[in-house]
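Both chains are sitting in their own frames, so use the hints and assemble them into the complex.
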Amino acid sequence: NAGVMQNPRHLVRRRGQEARLRCSPMKGHSHVYWYRQLPEEGLKFMVYLQKENIIDESGMPKERFSAEFPKEGPSILRIQQVVRGDSAAYFCASSPDRYEQYFGPGTRLTVT
Amino acid sequence: AQSVAQPEDQVNVAEGNPLTVKCTYSVSGNPYLFWYVQYPNRGLQFLLKYITGDNLVKGSYGFEAEFNKSQTSFHLKKPSALVSDSALYFCAVRDKDFGNEKLTFGTGTRLTIIP
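First to last, the protein sequences are chains A and B. So the first sequence is numbered by the working numbering: it starts at 10 and just counts up by one. So the second sequence is numbered by the working numbering: it starts at 2 and just counts up by one.
It is possible that part of the hints are untrue.
Not close to chain A: a few residues of chain B, all C-beta gaps over 12 Å, as computed [unchecked claim]: (1) E16; (2) L20; (3) G30; (4) N42; (5) D55; (6) E65; (7) K70; (8) P80; (9) L83; (10) V84; (11) S87; (12) I114; (13) I115.
If you anchor each label on the Cβ, the simulated ranges turn out as follows [said to hold, decoys possible]: (14) B:S27 / A:N62: 44 to 50 Å; (15) A:G37 / B:D55: 36 to 42 Å; (16) B:S27 / A:D65: 17 to 23 Å; (17) B:Y40 / A:A11: 14 to 20 Å; (18) A:S67 / B:A6: 18 to 24 Å; (19) A:E72 / B:G17: 48 to 54 Å.
Everything labelled a hint here was simulated from the structure, so no lab data went into it. The beta carbon of each residue, even a glycine, is placed where N, CA and C say it ideally should be.
In isolation and in its complexed conformation, chain B is listed as follows (with noise of 0.2 Å):
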């Protein structure tokens, strides 16, 4: 089985300051992770993606994510946050175990920069 836990539901930062949006994952063998962004009224839009390699991955609009296996986590980070980032972020797992295609979701942290 395969889960993802986004302990936030809403995250509030001001605008210029860094962001962290927090994920943590369980499958049983090595996992998949995804994060993607949805602003209102429309769908997910692809961040970045954890596959292999270095554990610090960069993504778009200058987000980037760190794959921490001991802790099962891949939190989403950027270093000067926009009031545009205001969205709401999804955390994505799947098992890398072939013929498993789903991705499981968190349940979606709201992110508000204040300007």
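With the rest of the complex left out, here is chain A (with noise of 0.2 Å):
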């Protein structure tokens, strides 16, 4: 069974343009967590997706970022017009049962 799969693993965008994560859950997860790491800290959590819905989006910034998890396909977290304080590390977590978390590796976003 495949781990969570994440791509980009690195991410270089300048400041406004858009930044698209992927993340594929582990087969027969239906939960997807994402996650933002900066520098020397702790994961912050920031939205909670099962199939389709939104469940939690109290970590998420009010503006210029949006997750979806669709029927079919990757979770995807979309970054709009990024600023410097958006470089990070994003995480996606998937789950089959809300209890264990699997993280993916990653993506390395940097705004330049």
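Dropping the structure here:
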């Protein structure tokens, strides 16, 4: 069973561009979570989704950030008009049962 | 509200000695507790969890953790440290209330095992 897949692993964007991060959960997992990790800090929850539904987006910035988990295909975290402060590692996790969360390798976003 | 404290940024242990990485938590209700390990430029790997039942939880790679409700702690332990255990360790908590799915992480403890 392949683990959680994230791509790209590294993403460089200029200020004002859009960043699109993808996450494919483990097979059979219908719960997806996105977290952000700033350098030398722990992970901060952003959003929790089930197929086609956003369940909890209390950690998402109110503007420029959006997430989806369509019926078919990966979950997408989109950041519009990126700014330098968006530079971070973004981790996706999936779960079969809302207990253990299995993390992907992360996407490291650099905004120049 | 839920929170986690890892009071030590850095822990150094000689190879072969026992190790402890400390974690205390705060939740409104009862906790689900987790330990994860992160190697450089990698995602988090699940080590162990406490959901209910026995307070001593055994996990991957010989690690274990003890849930102590009165002290609101969930310290990670291993009887004999290996150099390969050197990594960044995160404690996480989730409140058992239905609908609260997010994990809250501590700031991490960097464990260095000295040969």
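Verification of the supplied hints:
| no. | hint | in the structure |
| --- | --- | --- |
| 1 | E16 | holds (26 Å) |
| 2 | L20 | holds (20 Å) |
| 3 | G30 | holds (15 Å) |
| 4 | N42 | violated (8 Å) |
| 5 | D55 | holds (16 Å) |
| 6 | E65 | holds (17 Å) |
| 7 | K70 | holds (19 Å) |
| 8 | P80 | holds (24 Å) |
| 9 | L83 | holds (22 Å) |
| 10 | V84 | holds (23 Å) |
| 11 | S87 | holds (17 Å) |
| 12 | I114 | holds (20 Å) |
| 13 | I115 | holds (22 Å) |
| 14 | B:S27 / A:N62: 44 to 50 Å | violated (29 Å) |
| 15 | A:G37 / B:D55: 36 to 42 Å | violated (27 Å) |
| 16 | B:S27 / A:D65: 17 to 23 Å | holds (20 Å) |
| 17 | B:Y40 / A:A11: 14 to 20 Å | holds (19 Å) |
| 18 | A:S67 / B:A6: 18 to 24 Å | holds (21 Å) |
| 19 | A:E72 / B:G17: 48 to 54 Å | holds (52 Å) |
When the structure is compared with the earlier hints, violations turn up for hints 4, 14 and 15 and for no others.
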